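Chemist: Chain residues, written in single-letter form:
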Amino acid sequence: MSVEAINNQPKQSALMAVLASFWFEFRQNRGAFYGLIFMGILLMCAFLADFISPYSPIEQYRDALKLPPVWVEGGTWAHIFGTDALGRDMLSRMIYGSRFSFYIGVIVICICLTVGVMLGLIAAFNKGFIENCIMRLMDIILAFPSLLMALALVAILGPSLLNAMIAIAIVYIPHFVRLTRAQALSELGKDYVSSSKTMGASRARLMFINVLPNCMAPLIVQATMSFSSAILDAAALGFLGMGAQAPTPEWGTMLADARQYIQSDPWMMGIPGLAILFTVLSINLIGDGLRDALDPKMKTSKT
Amino acid sequence: MKKSIIAAAVLAGGMIMSGQAMAAKTLVYCSEGSPEGFDAALYTSGTTFDASANTMFDGLVNFKVGTTEVVPGVAESWDVSVDGLELTFKLRPGVKFHSTKNFTPTRDLNADDIIFSFKRQMDKENPYYKENNGNFGYWNAMDMSNLINDVVKVDDLTVKFMLDHPEAPIVSNMAMAFASIQSAEYGAQLVASGKLGDLNQKPVGTGPFQFVGYKKDSVIRYAKNTQYWGEQAKIDNLVFSITTDASVRFQKMKAGECHAMPYPNPADIADIRSTDGINMMEQEGLNVGYLAYNTEKDKFKDVRVRKALNYAINKDAIKQVVFNGEASVAKNPIPPTIWSYDQSTVDDAYDVDKAKALLKEAGISGFKTNIWAMPVQRPYNPDAKKMAELIQADWAKIGVDAEIVTFEWGEYLKRSKAGEHDTVLLGWTGDNGDPDNFLRVLLGCAAAKSGDNRARWCNAEFEQELQDALLSTDPEVRTTAYENAQKIFKKEAPWATIAHSTVFMPISNKVSGYKIDPLGGHFFHNVDLK
Amino acid sequence: MFSFLFRRLLVLIPTYIGITLTAFVFIRVIPGDPILVMSGERSPSPEKYAELMHAFGFDQPLWKQYFDYVGNLLQGNFGDSIVTGRPVLEEFFELFPATVELAAFALFFALIIGIPAGIIAAVKRGTFYDHTLMTISLTGFSMPLFWWALLLIVFFSGYLGWTPVSGRISALYFFDTPTGFMLIDSWLSDEEGAFKSAVMHLILPAVALGTIPMATFARQSRSAMLETLGEDFIKTARAKGLSPFKVTVVHAFRNALIPIITVIGLSVGVLLGGAILTETIFSWPGIGKWMVDSIFRRDYPVVQGGLILIATIVIMVNLTVDILYGVIDPRISKKGH
Chain A
4 MSVEAINNQP KQSALMAVLA SFWFEFRQNR GAFYGLIFMG ILLMCAFLAD
54 FISPYSPIEQ YRDALKLPPV WVEGGTWAHI FGTDALGRDM LSRMIYGSRF
104 SFYIGVIVIC ICLTVGVMLG LIAAFNKGFI ENCIMRLMDI ILAFPSLLMA
154 LALVAILGPS LLNAMIAIAI VYIPHFVRLT RAQALSELGK DYVSSSKTMG
204 ASRARLMFIN VLPNCMAPLI VQATMSFSSA ILDAAALGFL GMGAQAPTPE
254 WGTMLADARQ YIQSDPWMMG IPGLAILFTV LSINLIGDGL RDALDPKMKT
304 SKT
Chain B
177 MKKSIIAAAV LAGGMIMSGQ AMAAKTLVYC SEGSPEGFDA ALYTSGTTFD
227 ASANTMFDGL VNFKVGTTEV VPGVAESWDV SVDGLELTFK LRPGVKFHST
277 KNFTPTRDLN ADDIIFSFKR QMDKENPYYK ENNGNFGYWN AMDMSNLIND
327 VVKVDDLTVK FMLDHPEAPI VSNMAMAFAS IQSAEYGAQL VASGKLGDLN
377 QKPVGTGPFQ FVGYKKDSVI RYAKNTQYWG EQAKIDNLVF SITTDASVRF
427 QKMKAGECHA MPYPNPADIA DIRSTDGINM MEQEGLNVGY LAYNTEKDKF
477 KDVRVRKALN YAINKDAIKQ VVFNGEASVA KNPIPPTIWS YDQSTVDDAY
527 DVDKAKALLK EAGISGFKTN IWAMPVQRPY NPDAKKMAEL IQADWAKIGV
577 DAEIVTFEWG EYLKRSKAGE HDTVLLGWTG DNGDPDNFLR VLLGCAAAKS
627 GDNRARWCNA EFEQELQDAL LSTDPEVRTT AYENAQKIFK KEAPWATIAH
677 STVFMPISNK VSGYKIDPLG GHFFHNVDLK
Chain C
9 MFSFLFRRLL VLIPTYIGIT LTAFVFIRVI PGDPILVMSG ERSPSPEKYA
59 ELMHAFGFDQ PLWKQYFDYV GNLLQGNFGD SIVTGRPVLE EFFELFPATV
109 ELAAFALFFA LIIGIPAGII AAVKRGTFYD HTLMTISLTG FSMPLFWWAL
159 LLIVFFSGYL GWTPVSGRIS ALYFFDTPTG FMLIDSWLSD EEGAFKSAVM
209 HLILPAVALG TIPMATFARQ SRSAMLETLG EDFIKTARAK GLSPFKVTVV
259 HAFRNALIPI ITVIGLSVGV LLGGAILTET IFSWPGIGKW MVDSIFRRDY
309 PVVQGGLILI ATIVIMVNLT VDILYGVIDP RISKKGH
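Here the protein sequences line up with chains A, B and C, keeping their order.
Going by my numbering, the first residue of the first sequence is number 4, and it counts up by one from there.
Going by my numbering, the first residue of the second sequence is number 177, and it counts up by one from there.
Going by my numbering, the first residue of the third sequence is number 9, and it counts up by one from there.
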């Protein structure tokens, strides 16, 4: 029998079973389910922003400055969430802003997963000097508080949303590296890997076909959690003036813009703040659901 | 070093606290930031001046609080020679320096103190020049080394400044923060003990308040100088409670945690006005916010293009949105509170059609450009990005596609000084109330070369008017020359003049006697507390 | 134990070299320089500017500046702030107690609320209590910190007027601060009401900063408890007829402590990071605000020195946590005997 046959045949059917049991577990968790629904709505907003938002997010209606939302006295149905200081429609900005939240999360996670997993695997497979170099580098990054590090990095790269995302990703990478390395090391000690090795499987094959898939579960949970932290950190950078730049309707930047109106027009800070809170909460709920469904330890403790 | 700061604070603090039993008057001012230090000559920021020069020091001359009028300080009188090259000050006898834990003066102020205060900024061999690497902010910015050749002692109470060339505003300059008078005796004592940094950390001046202590980023404490040469302060203690966030400052005012605060949020102003117990003081500021066209770039060489862009900007919208309506639209490069302001100027009023027509006349139909927006809040422009967004939208209507550009503050200044911008938002707050301090510094030919003239605009006619005014001491001649200069400026339009912001000072109704300083400082010398 | 410690310390050497290099390179490659930022609109002439750059030594090649800097560091000299002219170390030690005080009380708040909440949720698993507590803690975990802090100020200080708005103590007090910890110093000073003022000033920022760690502790202690509650020795203890309280607190909690301590150790970094935002909003004179101000002012020596000192603290805390493992985990300590 070839090596592929050993590995793949049982895997295919097993995969279906795993997915089915995963979905069963996940649905059990009501919080995760609601989170998923909220994220679904948000995802729709992000994709269909051009069709569903009533106005352009950057058009300034100069005769309608700082209108309150419709449910507050003085609000109108024309601008359901009101308008900001430049007369831009808040609802449209919120809808377009949802794009940036996904954008931030997805880009940060992509960078973290590719770079973090690669470095983690390299460290696990190259004991000695290379491993030491990688792990010390990660130690250095971890020695600085993440927000401070991100702030310094953005200051270097120049304040913009993309640079903020890169900075946040760099700060998160060590967690992915450490996790991947630890998982990979424990997998490397297992029998099936040594048997593959004796059968002459190449190193790349060992890395990506044998070891990596078995590291995926904790990585997915970590990625979900990082997704939500990335949104929070991007908002914090925006708040310190180091995130997305105007007129980008990014929620964190909108919050920073609205800060000076906290006394006079508190809803201007309330709306994007709540949006960030609910988005992050939803992702965390989904993350919890994923963890419960994926982590066998949690499963056993449940019974 | 740290210990002795604290020790000084304890001693003086203890005194104050025991004095509090006799209902000492303590005024708390919620200041907007930490001072960089207490030696005003080293810095250029108003926050630092408020904490140092404006409370603890005197100049040879001072500005009369609430005006730009020059009045005697530690000098009783002064005299400019006929050729304008010698400036003589007669010092006031019996002026005492503060006695602190750190220093006890053995003599009254004399000519040596004046010479010390200036020589340390110009003499490369002076130990204080070396200590600070020659980084004397205003001295360098105003290029004083090329104006003042020497300061000499005539007798104990007479000093003479030898000037390189006549310069009309020189006496006003002597009232500025950088020209605060330090004690030569204290300076020498610190040199002897090797603690030169203390001149900046543990200040000794002659002003109405003296230093008690500073807890970094938190609070500065001053006590009344009971030996002040002039009228003594009416309050016993002055406290600066450092509160960087403007809305938090307002919250503190409302909670009664402070008596006065500078720089309220424009958005909070209506709210503050309607708050019981708080009076809102306001005055037109001595500043201008502008958008400079880089006249070295081809597209801005044609005056019609500059004029067209001026007509396209809706300044009223900017006033409403950026300043919350609390500013006046600017038509001249100097604010109306300055003498020689040209009332007759007609502004480039918002007119899209006229703008389009002018562009057509210039043979241009729309182009790409950029607007540089500062990354920081300044008194003349509370939100440059918002302003840039408004202008961007306005220009789009006449087919001009502008991209908003911003850099870190230092980088912004450096690059715009080097002329990398197309158009740049910036502004200026007056230093001494002289039109020269706006017109020549910001629009003169020398400034075009150095880059401080962000329009890089050098107009021979305009320059001639400035020179005429600079060399004359006759107010009438100067006024006419500056009025002419403003007319040339308006015709040539190197800038779009945007606004003169209003200065606000929310102050508790328990406080009386406070006056807003047109130059942007905060003075508590004449203030009383109920 | 000692060889373990020695190995850990040895690993620190390359890490440290990396940290100094990172701290140094960071601030130097950021565009702008302290002289320009300080002078603002009133910048010196190009000739004068060149002279100043030379006087401060910023015109030297970067590698030379780095080696000079490390040389000074080895002699314990962190340099002087360019803006204030004061030694970096002196400024650090003046401000550090404020941050420690804030972080300690945030941690305290997080622990006394978070851990009991987690235990209750675990013991009452699946009930209304469990769901409510976990929803609250997850909400806290998802909170944008700066937004939360501003909400707290607006509500508790502005609307209700219960707490002071910002700062460490009422500006009317001015006394000796020998320890730098305002609670202790205000207690030692004989000023009437000073201690109360200091406590009241500490509440809001500590709650704001402690919210995220609190949520983490609640979640972590719940899952750690769940795990240990399912283990054999607990079942044995129960079978022996020990009271539920004793089983929970004495046996289960003790064993759940290890993962919780790990989280506490990790949260020190979170607290220091969060301190940046909290201190900025509450005008709290600590090192977080100091660092942000210095980054914006391009105060090279302060940013370099501050980063190195903060990294040192984080490393020390992690090391302590590692050592604590050995002390608490009965399995490790048994091996030791």
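Watch out, some of these pointers could steer you wrong.
[Claimed, not checked] Under the rule of at most 25 Å between Cα atoms (straight-line distance), these lysine-lysine pairs were calculated in the DSS-like manner:
| no. | chain 1 | residue 1 | chain 2 | residue 2 |
| --- | --- | --- | --- | --- |
| 1 | C | Lys132 | C | Lys204 |
| 2 | B | Lys663 | B | Lys686 |
| 3 | B | Lys277 | B | Lys410 |
| 4 | C | Lys204 | B | Lys201 |
| 5 | B | Lys400 | B | Lys686 |
| 6 | B | Lys475 | B | Lys625 |
| 7 | C | Lys204 | B | Lys625 |
| 8 | B | Lys532 | B | Lys477 |
| 9 | B | Lys295 | B | Lys336 |
| 10 | B | Lys240 | B | Lys686 |
| 11 | B | Lys266 | B | Lys201 |
| 12 | B | Lys562 | B | Lys625 |
| 13 | B | Lys295 | C | Lys72 |
| 14 | B | Lys300 | C | Lys56 |
| 15 | B | Lys667 | B | Lys530 |
| 16 | B | Lys686 | B | Lys667 |
| 17 | A | Lys69 | B | Lys573 |
| 18 | B | Lys530 | B | Lys663 |
| 19 | B | Lys495 | A | Lys69 |
| 20 | B | Lys544 | B | Lys473 |
| 21 | B | Lys495 | B | Lys477 |
| 22 | B | Lys536 | B | Lys495 |
| 23 | C | Lys248 | B | Lys306 |
| 24 | B | Lys266 | B | Lys306 |
| 25 | B | Lys277 | B | Lys240 |
| 26 | C | Lys72 | C | Lys56 |
| 27 | B | Lys306 | C | Lys72 |
| 28 | C | Lys132 | B | Lys392 |
| 29 | A | Lys69 | B | Lys329 |
| 30 | B | Lys536 | B | Lys562 |
These aren't lab readings, by the way, just hints derived from the structure by calculation.
Everything numeric in this text was worked out from a predicted model, so none of it was measured.
Chemist: Indicate, hint by hint, whether the structure satisfies it.
Modeler: Taking the hints in turn, this is what the structure says about them:
1. Lys132/C / Lys204/C: 38 Å, violated
2. Lys663/B / Lys686/B: At roughly 46 Å apart (the allowed maximum being 25 Å), Lys686/B and Lys663/B break the hint.
3. Lys277/B / Lys410/B: Roughly 23 Å separates the two Cα atoms, so the pair holds.
4. Lys204/C / Lys201/B: 23 Å, holds
5. Lys400/B / Lys686/B: Holds, because 19 Å separates the two Cα atoms, which is no more than 25 Å.
6. Lys475/B / Lys625/B: Holds, because 20 Å separates the two Cα atoms, which is no more than 25 Å.
7. Lys204/C / Lys625/B: 60 Å, violated
8. Lys532/B / Lys477/B: 17 Å, holds
9. Lys295/B / Lys336/B: Roughly 13 Å separates the two Cα atoms, so the pair holds.
10. Lys240/B / Lys686/B: Between Lys240/B and Lys686/B the Cα gap is close to 23 Å, so the pair holds against 25 Å.
11. Lys266/B / Lys201/B: Distance ~35 Å between Lys266/B and Lys201/B Cα, so the pair is violated.
12. Lys562/B / Lys625/B: 30 Å, violated
13. Lys295/B / Lys72/C: 33 Å, violated
14. Lys300/B / Lys56/C: Cα-Cα ~13 Å, so holds.
15. Lys667/B / Lys530/B: 16 Å, holds
16. Lys686/B / Lys667/B: Violated, at about 49 Å.
17. Lys69/A / Lys573/B: Roughly 23 Å separates the two Cα atoms, so the pair holds.
18. Lys530/B / Lys663/B: Distance ~21 Å between Lys530/B and Lys663/B Cα, so the pair holds.
19. Lys495/B / Lys69/A: With Cα atoms ~15 Å apart, Lys495/B and Lys69/A stay inside 25 Å; holds.
20. Lys544/B / Lys473/B: 12 Å, holds
21. Lys495/B / Lys477/B: 28 Å, violated
22. Lys536/B / Lys495/B: 29 Å, violated
23. Lys248/C / Lys306/B: Violated. Lys248/C to Lys306/B sits at ~80 Å, over the 25 Å cutoff.
24. Lys266/B / Lys306/B: Violated - the C-alpha atoms of Lys306/B and Lys266/B are around 30 Å apart, more than 25 Å.
25. Lys277/B / Lys240/B: 31 Å, violated
26. Lys72/C / Lys56/C: 23 Å, holds
27. Lys306/B / Lys72/C: 22 Å, holds
28. Lys132/C / Lys392/B: 49 Å, violated
29. Lys69/A / Lys329/B: 62 Å, violated
30. Lys536/B / Lys562/B: Violated, at about 29 Å.
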